[in-house]
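**Student:** Single-letter residue listing:
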Amino acid sequence: MIVAGCDVGSLTSKAVIMRDGRILNSALIKSKAKPWESADEVMKSALEGAGVSMKEIVFCVGTGYGRDKMKFINEAVTEIACHGKGARWLLPTAMMVIDIGGQDCKAMRLDRDGRVVKFMTNDKCASGTGRFLEVMARVLGVSLEELGEMSARAQAPITLASACTVWAQADVIAHLNNRVPIEDIAAGVNNAMASRMAVLANSVGVERDVCMTGGVAKNDGVVSTLEKLLGVRIKRIRRYDPQMAGAIGAALFAHEKAGGGLR
Amino acid sequence: MMEDFREVARVLNNRFVQKWKDEGKKVVGYTCSYVPDEIFYAAGILPYRVRGFGAGAMTIGDTYFGPFICSLPKCMLQLAGQGDFDFLDGAIITPGCDSMRRLDECWRKMHDDTKEHMPGFFFHFGVPHKYTEYSVKWFVDETRRLIRAAESHFNVAIKNEKLLEAIKVHNVTRELMNRFDEIRTRKDPPVAGADSLAIVLAGTAMPRDDYNRLLGDLVEEIGKSAKKLNGRKRLMLLGSANDDVDLVKIIEGERALVVADNLCFGSRFYSDLVSEEGDPVEELAKRSLAHNDCPRMYGEYRERLKKIKEKVATAGVDGVILQNIRFCDLHGSENGLFERDLEKEGIPCMRLEREYGPIVESGRMRMRIDAFLERLG
Amino acid sequence: MITAGCDVGSLTAKAVILKDGAIVASEVIRAKTKPEDSAREVMDLALKKAGLEMGAVEYCVGTGYGRKHIPFVNDVESEIACHGRGAVWQVPSAKTVVDIGGQDCKAIRVDESGNVTRYVYNDKCASGTGRFLEIIAEALDIGLEELGDISEHSTKKLTLSNQCVVFAETEIISLVNEGAEIPDIIRALHNAVASRAASLAKSIVVESDVVMSGGVAKNAGMFRALSEALGVPLRQIGDPQINGALGAALLAADKLKSGPPPPLRQAQCNARREA
Amino acid sequence: MRRETREYNFDWMLWSAFSSASRIKMGTEKEYRTVLKYIPYFRGIAEAMLGTGEAGQKFIDCCAAYLDNLVNARERGLKTAITTFCFSPAIMYALDIMPICLEVLTVMQTLSYKRGTVEFLDYCNEVGYTETSCSAQRGSLGAYLAGVGAEIDMIVTDTPGVCDTNANAFSFASAYLDKPFFQLDMPPQLDGERSDDYHIGDFKGLIAFLEQHSGRKLDLDRLREVMREIEKQDELVAEIEDLARLVPNPLPVPFNFMVHGSRFLFAGMKECTAALEAMLKLGRENAARGISGLTGGVEKLRGFWCYIDHYTQSMRLWQMLDRNGICYEGNILSRSWAMNAPHVKEFGKEDAAYSLDLTDLDSMIRSMALLNSRMPMVKSIRGPYDAPNMWLEDNLNLARMYRADFIVYNGTPGCRNTWGMVKLMARDTEKAGIPTFIMYADAFDDRVESWEATQERFEEFLKVRGLL
Ligand SMILES: Nc1ncnc2c1ncn2[C@@H]1O[C@H](COP(=O)(O)OP(=O)(O)O)[C@@H](O)[C@H]1O
Ligand SMILES: Nc1ncnc2c1ncn2[C@@H]1O[C@H](COP(=O)(O)OP(=O)(O)O)[C@@H](O)[C@H]1O
Ligand code: SF4
Ligand code: SF4
Ligand code: SF4
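For the record, the sequence lines run as chains A, B, C and D.
Be aware that the first sequence starts at 11, since it is given in this note's numbering, and climbs by one per residue.
Be aware that the second sequence starts at 12, since it is given in this note's numbering, and climbs by one per residue.
Be aware that the third sequence starts at -16, since it is given in this note's numbering, and climbs by one per residue.
Be aware that the fourth sequence starts at 8, since it is given in this note's numbering, and climbs by one per residue.
Among the clues, some could well be false.
[Claimed, not checked] DSSO-like mimics (lysine-lysine), calculated; alpha carbons at most 30 Å apart, straight line:
| no. | chain 1 | residue 1 | chain 2 | residue 2 |
| --- | --- | --- | --- | --- |
| 1 | C | K238 | D | K211 |
| 2 | B | K148 | D | K307 |
| 3 | D | K356 | B | K297 |
| 4 | D | K470 | B | K148 |
| 5 | D | K438 | C | K15 |
| 6 | A | K267 | A | K79 |
| 7 | D | K470 | C | K2 |
| 8 | D | K470 | C | K78 |
| 9 | D | K186 | C | K78 |
| 10 | C | K78 | A | K42 |
| 11 | A | K42 | C | K139 |
[Unchecked claim] From the derived model, a few chain A residues whose C-beta atoms are all more than 10 Å from chain D:
| no. | residue |
| --- | --- |
| 12 | R29 |
| 13 | M64 |
| 14 | K79 |
| 15 | L154 |
| 16 | D181 |
| 17 | R218 |
| 18 | K238 |
The set of hints was computed from the structure by calculation and includes no laboratory data.
Since we're looking at a predicted model, the values are computed, not measured.
Here a beta-carbon is modelled for each residue, glycine too, at the ideal position from N, C-alpha and C.
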């Protein structure tokens, strides 16, 4: 039985094709202005890679910011539930999920069955989101990957006035102009991000194991600072790309809804 | 009836107010549920609860208020400055919370600049934060001060027997609303939370006699209604003031119903009767100060929690939404306590922080509410 | 007497060369990562236009966000002082200046000689600045220069609710998805930015004549929106974007009159933060 | 909160820093370095305070003595109560209750540790307290909520009706920790019989509450003893304030903080009297020599703070003022409203002031109630800002009396009360001809606006407005 999950986020869109609970293929593209276009394109690309046609998909679940606007889905599920589900698949011992995506971050606690029992989101202000990191990486002239690695080499991380993404950007420029080593700035950026996230995580209550999902899970600077702040180890995900967690969860929901048993 | 209520909930200077004014009668605005309506009813003046609904731009609000202030009073000032409240003959500002009390100065300074849009009668009404013998005494004095000021400004006499009569009329509303509550919390109720809010809003913005009549009819009618909104999750809404029916509509969507609340434009409007015996001013003051539904009454959290738990049980609530306007400290922090203590009892809660003002983009809010409903199963 | 002003902003760098009270050349370029590079380049271009060498400039004042890093100035002044001075030179009857640049928005009250009597900056966050317009223009794939014209075609009034720049972007995208017309959206965007700037200006009490300066003043839609939000007509100035640099050059001339120029300032380079 | 933060007791950390500092005698450089090694981040404050000589030393002694009692409260049979600043703790000392004034402890922590109170600030949010609330309490409240400070017996606040945000922090704490709660509520008017009756009724209620929860009876002689000390202290403060009127002002910049720290936390303590005496002594010496209290000895400008002063880490604001030759004429929160205070006489504000009458219990309770209702914040920002005896009038009077060249507003974004009216106030003070600067920084949290940005805007203000 072939099913699919499609996650149209604010920055990236993801699709996962699954056969009998195994991932056949996945795809990730930058989101377009119109969510249905993103959905169509990312699905097309995932299907092509899997050598599967749309008709063969028995059930498809949509999630993410644009979930209500997709044309081909059978059902829409919120990204909270999908990330919870996906995280459990990525890390079977996960009791807590921290997801940092492009425009919001979420902390959730799972019950033994992988259902979300408690969650908090931050979406009032763009600081504390993946978007914040992107803006900073651009100002520093480094890639997102480098931004994560660099902070390990920092000597004296700066404190960033992190109230606002746009102003934090001005702050970063000022530090650059003052010839503050770029590593120290990068570390300051990651710290600011991690400490915002830590507040959220602590307020839902940290429980082990912690699984990080979303694009920012790939930023090791943020993850390791977060470990320090929360006082727990965060298992690095090897099973699949953590940025795909939402789409994986959606596909797993599709699998269940189409009558497939839990693996 | 329901259509009348819905209309009054949407229009500030509504038909009823216009008619009242056409008859040459006065209207006095107030900002907080701690101002006793009865006083103005007794004076033949229409008490009108000032709202922030419908403010688009914030040019005036932001000119006078600082940046870290709840947007509800800012929106009120914006509307006032645009002339939307020009129909008011008076306004009463209370120190409900720190953001709201500064509407007093901001409104006056705006008037200094424009020489417009401030009612002739403008009164700062000090409401204590506690219920004790001496605070009631103080508040009785304060209420008398208000009465005297209104009497002399509007050239009316607010006599005790008139006040007692007003109390009776307002208690009728409270009793009708309690009956309405009973209908609203039935198993498959005939009415949604959005309409319940419209009904309360109408009560704060139209002549009480008209309102009681319409409300009586409505309660009668829907009490018998066969309409059933079934199969939905039952929510309770707590927190900051909300006078926007659309917000409740977004929360309810297709799959949920708001069946209970503890809101300023909500149950706080009709909870607690005023004793019809004794000195009316004292009784009004006592009801106000004993009315501890709002976190501005410090140190009474336990009592509020108890009330809410009772409501959760009687209304068969599946989940509680704890919302607050950004920068609303009172509700923002009390929501944290409610969350802790209600979750402990197995009552699912979700906190929601929002900006007050026109709701344009509802996607984010929808996502969180959907996730919460998913959690409720 | 030849003086120069150099304004290194967050988005653009500007230079003005003044000779005996008249502008002989001005130049605007996009700012580079390093403020010293922007400064050098824009000044070189302006000098070339004027047919002058740097040595001919008797006094140079730097201003703007990157002012401390300009390698060739005799003195630096804040943008507030420069915008005030520049505006009064362009419109002698000016009493209030509203400057909206890339990263901040300021309202300035000035006396007849262009001295600043009061001023305020944008509070809270970056909404109400040119950056807001840039981000949205980018998201909608529209050039900054086109915004003004497009908003002319608006027929319906829309309101934006989000104050956050970054979220306003999402909100706008969802408006597009819901089929709202681009001109209406742009107009709403202009109104949102203008309304923030107007409340800022009003908080220090607006007195006519009002001049709008900064790059955003080149956007006719914004110019009109601000005028509406303030409820007073605005005075147009030649090139509003160079107003700061012009003010700097004027201040340079003032300083030159009152005494010989100090030596060139050392740009701050390695001022590592105090521990 | 990091694990290591949880492992240290909050009060104990402060105690160890301050008591080490109090051991730094004016002695040898070597001794000084050795002690500083144990308290590395304390350096900024230690140097600034000790730089004022005996006065600073005595003040640090006083802090250490207070913290010593706090850390050992249980062993010494003392109860503890969380209190607000702008509350005179004397009544507590008279009942053997240790006041824990959240704001002052937040300041101590911000001044002495590198990470300041960041983790505690965040901890409050984590347990559900709103993130947009005032950081002044949150900074140390977090420690008590987390259970890493002294055990709390009761909670007393005197800001309802003045600053609801602040009161809210205390009612949150009481609900969260499940501890008895008492509020002194402030009506919008300060004076007049109605208000006095209210204040006195409330204060009697407070005494009953304290007696109930401490299990002690208010002892007339103890109270009188504490109040005598306050009388002495008020006298000293009045003289110190009078010296601040001189041009140049002979007082060093940190004195102002020391004065109000004393009044909010140490009122009635003998050590506090000693510190104030030493401060007055130094002030008089400087005055006799006609020199300024600034390190550079030259006074270029005088500034008055219309709200809280900017503490943050390492006392950077004060160092900047000192460096620029700006004399800090204090802030509205450091002014006393005792009958003998210079501004009370100058402006004929006797009805807004208090005096102590030690005749009998009734007169003492009455005096304490009125004293408390006239603590600066509680006095000046309870009603409309432009009403008599309120913020605007007090600011203008004080700024003029101290011949301030400019006024600065600084607070925390959590301060609804003042942010709600500060634009209006600034307009009025500007109209009165005093340049006014509104700072957007948070006095207790560096993450709101960086110090670099704050400093730049401040210096720009001085320059653009032609002050420096
Ligand atoms: N390779 C990477 N290394 C570090 N960070 C990354 C990487 N790839 C993506 N990110 C981060 O992930 C974010 C996007 O996350 P994503 O979960 O795709 O967002 P959304 O689902 O909201 O569109 C980006 O803003 C970026 O900060
Ligand atoms: N040609 C143009 N048409 C319309 N708007 C413009 C134009 N050029 C610049 N802008 C606006 O001006 C802003 C930059 O203003 P500027 O005064 O140059 O900023 P800064 O001095 O901070 O670099 C941009 O954010 C943009 O919104
Ligand atoms: S919502 Fe909160 S902050 Fe706003 S006016 Fe009401 S109580 Fe005050
Ligand atoms: S502060 Fe900045 S990031 Fe936050 S809401 Fe405002 S513009 Fe957005
Ligand atoms: S700073 Fe403001 S909120 Fe904080 S205690 Fe003071 S008045 Fe209250």
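**Student:** Would you mind marking each hint as holding or not holding in the structure?
**Tutor:** Structure-based check of all given hints:
no.	hint	verdict
1	C/K238 - D/K211	67 Å, violated
2	B/K148 - D/K307	53 Å, violated
3	D/K356 - B/K297	35 Å, violated
4	D/K470 - B/K148	54 Å, violated
5	D/K438 - C/K15	42 Å, violated
6	A/K267 - A/K79	20 Å, holds
7	D/K470 - C/K2	27 Å, holds
8	D/K470 - C/K78	20 Å, holds
9	D/K186 - C/K78	58 Å, violated
10	C/K78 - A/K42	46 Å, violated
11	A/K42 - C/K139	26 Å, holds
12	R29	42 Å, holds
13	M64	45 Å, holds
14	K79	32 Å, holds
15	L154	23 Å, holds
16	D181	6 Å, violated
17	R218	14 Å, holds
18	K238	7 Å, violated
In summary, the structure is inconsistent with hints 1, 2, 3, 4, 5, 9, 10, 16 and 18 from the numbered list given earlier, while agreeing with the others.
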